[in-house]
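Engineer: Each chain, written out:
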Amino acid sequence: MAYEPVLTKHCAARDGYTLDFYVKNQRGYEGLRKALALQPNDIIEQVKASGLRGRGGAGFPTGMKWQFVLKDTPKPKYICCNADESEPGTFKDHVLMERNPHLLIEGCAISCYAIGAKVAYIYIRGEFYHVQEVLEAEIEKAYKAGFLGRNILGSGFDCDVFVHRGAGAYEAGEETALIESLEGKRAQPRIKPPFPAVAGLYQCPTAVNNVETLCNVPLIVLNGPEWFASLGPEKNGGPKLFCISGHVKRPGVYETSMHTTLRELVFGEQFAGGMIDERPFKAIIPGGSSVPLLLEQDLDTPASFDHIQKAGSLLGSAGLIVMNDSVCAVWLAMNLLHFYRHESCGKCTPCREGTDWLFKLLLRLESGDGQPKDLDLLFGVSTNIVGKTLCAFGDAAATPVLSTMKLFRGEYEAHVREGRCTLPAPWRAAHPVVAAHQ
Amino acid sequence: MSFHPKMEYAPARFHKSARTLPDPGGDFTYTAENQAKFDANVQRYPPDQRKSAILYALYLAQRQQGFLTRAAMAHVAGQIRCTTADVEDVVSYYTMFYTKPVGTYVLNVCRTLSCALLGAERVTEAISEKLGIKVGETDASGMFTLIEVECLGACDRAPVVMVNDDWEERLAPEQVGEFIDHVRAKGRAAFTGCHLHKEK
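Just so you know, the protein sequences line up as chains A and B, in that order.
Reading the first sequence from the start, the letters are residues 1 to 438 in the numbering used here.
Reading the second sequence from the start, the letters are residues 1001 to 1200 in the numbering used here.
In silico BS3-like pairs for lysine-lysine, Cα to Cα no more than 27 Å straight-line:
1) A/Lys118 x B/Lys1051
2) B/Lys1037 x A/Lys141
3) A/Lys185 x B/Lys1100
4) B/Lys1037 x A/Lys118
5) B/Lys1037 x A/Lys144
The hints are simulated quantities; they were obtained by calculation from the structure and are not laboratory data.
Please take these sequences and the hints and turn them into a complete structure.
Structural biologist: Set out below in structure tokens:
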């Protein structure tokens, strides 16, 4: 059965991002009209029934998250849209914000109505300045058309949507760190509880949702929760964007259901189209750099939250990074630890110090001075970070090391023994940007 | 005579995290235009939460002056109604604020996995060779600064270079020389920009 895209159907259209196009071709703002006629609680029930799971990484049911938002409080409530998208290998929200901004704006408005908020902040990463320009211009148009602002569509409901630009911090993608950053502080996570649903932005009840999650909300309201759930496997319903990058012929964002297997995504003609230069496949990171690697034998797993978890990894933010046989596992871990070492916010000692030591150890192995005891040391440092930090960053940072050591221990041992990498790395050096990469 | 051995007064010896003070800089105030922009932006937040506008305020100052001096931070602190130390705290955390002068074009080369798999290191080397500068330095003409950054979120268009607020996608190492010459000649018009943006 061919899958019909719903989120990105009109992304290639020249003026697909405009308000007129959205209203004409995507039944734009009908969802909002329909939602305003319902009780806020009914919308939460619908989202719960649809089984929509957060698209940012954790896969937590969105309806549940909204239900936890404190009801009886004199304080204002907030929606924070997480558009920080800084997980290496992830670039799906960018497409949605740039090519279908009104879907997000409508999603923000409906979500505000559902939880009883009047303001939604879209926290966008600083590097997406050109996206922010599009988004702000389109928000302006939505205000003029009466879909945002005071007394929306004559219902008496007020809603404002603002874009807030970050300034280059991976950690701001963590929900409490995002809130801290939005409050004008360093993006460092808070101790939980209290969860943002109780005391979030300005200590008020807050729901933090990913861009793709909020984009699904108008579709659920419009087409019903049953339609949404029927799009994917049980408990993994709805459309899903997959970002495929690395050594594949056609990297990019592909929308499909979560029935699709990893093999189809990597080798399918309508998706990434196979490996560059037909080099053998080595490993895949299925959900952004923070999740364990999967091998060739796991490729027939459907790319859903539950199936990938069963295979020993996580779907995370659905950032698939595909690697061929020229990639050295030690180099891979070193590259990612350079990232985590740089991005660690420095609040928790195991993560701040641990990532630095892991990087130093990996650098020593890569440069040929590795010693046999380094492997145990790497393992020891990694396991001492896992579970000992405030947010999931610590676990994420140790994952590349633990996962590569588990799957490719031979390569680590070879580095120690030979004092060099034994893989055909010259291929990578000789093919810096591959010709087949259109 | 004291029983204690003479203590050398050298902060570097007993305090590792020696604090580097930002360049004091000359007088700084927003231009009328920037002041209006700031006043409009701060309205987005509740009246008692002016601090939320701090990143925006810093971007304005940085765009006006090229980088952030202590005077600029003090001015921002005045606008936000917080202390200069609060502002410095924020500036030192985020990577997109510069506390030293930078070139007209800041070349931010992404070095994280997806870009690295497709040769981002070669791009850095090529730029470095072409301009005769190391990572973190500004060339003699004051036009280019080379910086290595972590994931820019455009992994399908690897290797990516962010130049100020614009993107240059799929920059092959062998194209670097030509690219730099184009930027010298044509300025912003030389960038490919974001492929999604361009299709409009």
